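Trainee: Sequence:
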Amino acid sequence: MSAATANPELTVADLRATLPPTPLGRPISRSAIYTWIRRGLRGTRLPAFRVGRHLYVYQLDLEEFLRQTNSQATTSESKITAGCRLRAARMRLNSKGIKTG
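In the numbering used here, the protein residues as written are 118 to 218.
Any given hint could turn out to be false.
Unchecked claim - Listed next, with one range per pair, are the computed distances between beta-carbon atoms: (1) Val-168 <-> Thr-135: 12 to 22 Å; (2) Gly-214 <-> Glu-180: 37 to 47 Å; (3) Ser-188 <-> Arg-167: 27 to 37 Å.
By construction, these hints were calculated from the structure, which means they are not laboratory data. All values derive from a computational prediction rather than experimental measurement. Ideal Cβ placement from N, Cα and C applies to all residues, glycine included.
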């Protein structure tokens, strides 16, 4: 078994298709992924490598990044997420003609 089949590489487009949408139902933006690579999230950077003009991330590195950043979530961030879920629910209701307060 080669290293490529044991740990497949993902492009940024592949990452966007792999990751679940935000609480508002939008896909993760390309700029967010580039920020995770350049500056990180909650003190953890997403390891990536460049081949020509394209950036690639190993699947295992993505899983480790998600595990580390999710385990570092704080209570205040959970409140923000709850607020996002509430806004998303209100947007869905408003789109169906149900007015919310």
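Trainee: Does each hint fit the structure? Answer for all of them.
Mentor: These are the hints, each one checked on the structure:
The supplied range of 12 to 22 Å is met by Val-168 and Thr-135, whose beta-carbon atoms lie about 19 Å from each other. Checked against the given bound of 37 to 47 Å, the beta carbons of Gly-214 and Glu-180, roughly 41 Å apart, stay inside it. At roughly 28 Å, the beta-carbon separation of Ser-188 and Arg-167 lies within the given 27 to 37 Å, and the hint holds.
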